[in-house]
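Given only the sequences and the hints, what does the whole structure look like? Please build it.
Chains as they are written, first to last, in the numbering used here: chain F, 306 to 386; chain V, 22 to 206.
Hints may be right or wrong, so weigh each one.
With a straight-line cut-off of 20 Å between C-alpha atoms, the simulated EDC-like cross-links for lysine to aspartate or glutamate are [unchecked claim]:
| id | chain 1 | residue 1 | chain 2 | residue 2 |
| --- | --- | --- | --- | --- |
| 1 | V | K185 | F | D310 |
| 2 | F | K315 | V | E167 |
| 3 | V | K185 | V | E167 |
| 4 | V | K185 | F | E311 |
| 5 | F | K315 | V | D201 |
So these bits of chain F aren't anywhere near chain V, every CB distance computed over 10 Å [claimed, not checked]:
| id | residue |
| --- | --- |
| 6 | F360 |
| 7 | D361 |
| 8 | A372 |
| 9 | L373 |
| 10 | S374 |
| 11 | F375 |
| 12 | P376 |
| 13 | F382 |
| 14 | Y384 |
Please keep in mind that the hints were generated in silico from the structure rather than gathered at the bench. Where a beta carbon is used, it is the ideal one built from N, C-alpha and C, also for glycine.
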Amino acid sequence: MKKQDENRIKQLLRQSLPPIDPASVPSRDLWPAVLRRLDAHPAATAAGLLRHNWFDWALLAGLVVFALSFPATIPVFLYYL
Amino acid sequence: MPEQSDSLLDRFRQGDLDAFESLFRVHQRSVYGWILRIVRDPAAAEDLTVETFWRIHRAHDRFESARLFEPWARRIATRAALDWLRARRLESGLAAPNFDQDVADVPSKSALDPGVAAEIRSKTAQAFARLPPGLRIAAVLSLIEEQPHREVAAALGISVGAVKLRVFRAIRFLRKDLLDQGITP
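So, in structure tokens, the structure goes:
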């Protein structure tokens with residue numbers, strides 16, 4: 306691809322989607338919305354992470370058991386991955 | 022952007038809400054501006070700024086005090102914007118964007134050149150909207166907003182070489198799309 310083409314596409318892009326004004330600011334104070342979000346979804350706890358890990362490990366274990374029980378299905382799985 | 026004192030960052034790391042608010046007050050404009058550059062939708066940028074600071078708070082105990090807050094926040098903001106672009110792409114499929122409305126809503130720093138036909142601008146914007154989100158972010162930040170590759174790489178968590186490759190692929194994708202639409206770039 307020629308450098309000229311690249312510059313032309315860059316020029317077209319900047320004409321179609323002009324650069325954002327760096328002085329843009331939010332239309333409102335967003336801190337109350339952040340507080341509401343924090344109240345609704347408090348930070349993840351270690352117990353929550355453990356639950357996710359437990360579920361992931363259970364899924365993996367199930368898959369391994371299935372693959373060991375029916376080894377002929379492994380190529381089929383690999384084909385569809 | 023001046024960095025905060027170690028004590029403020031330490032207090033934030035320990036989960037102090039006042040310290041978090043202080044950091045929010047200092048950084049919300051820059052985070053909002055960065056997200057707006059990527060998503061080009063002021064309302065979505067506000068929602069994603071809230072989402073970003075929620076993610077920042079959620080990850081407070083993983084913040085390393087030796088690091089600068091701004092690049093860390095920018096990286097989280099970029100990830101939130103990327104998630105939004107992916108979700109929006111899934112929801113809307115490849116529907117053509119409302120070009121006139123999109124451009125009118127976005128606060129830009131330069132006027133459109135009347136020498137470039139509206140149809141060409143519209144088709145270029147549509148081709149841009151069809152870019153895969155990963156390429157789109159690299160293209161918008163590097164080509165339109167002219168951010169240094171090093172900063173784009175840090176925000177995306179990839180190497181400078183990977184950013185250049187994404188920009189190259191985005192240009193190739195756009196060129197092919199425009200040719201398919203009957204426009205020779």
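Hint-by-hint comparison with the structure:
no.: 1; hint: V/K185 / F/D310; verdict: holds, 16 Å
no.: 2; hint: F/K315 / V/E167; verdict: holds, 10 Å
no.: 3; hint: V/K185 / V/E167; verdict: holds, 13 Å
no.: 4; hint: V/K185 / F/E311; verdict: holds, 13 Å
no.: 5; hint: F/K315 / V/D201; verdict: holds, 18 Å
no.: 6; hint: F360; verdict: holds, 19 Å
no.: 7; hint: D361; verdict: holds, 19 Å
no.: 8; hint: A372; verdict: holds, 30 Å
no.: 9; hint: L373; verdict: holds, 35 Å
no.: 10; hint: S374; verdict: holds, 35 Å
no.: 11; hint: F375; verdict: holds, 33 Å
no.: 12; hint: P376; verdict: holds, 35 Å
no.: 13; hint: F382; verdict: holds, 25 Å
no.: 14; hint: Y384; verdict: holds, 25 Å
In summary, this structure violates none of the numbered hints.
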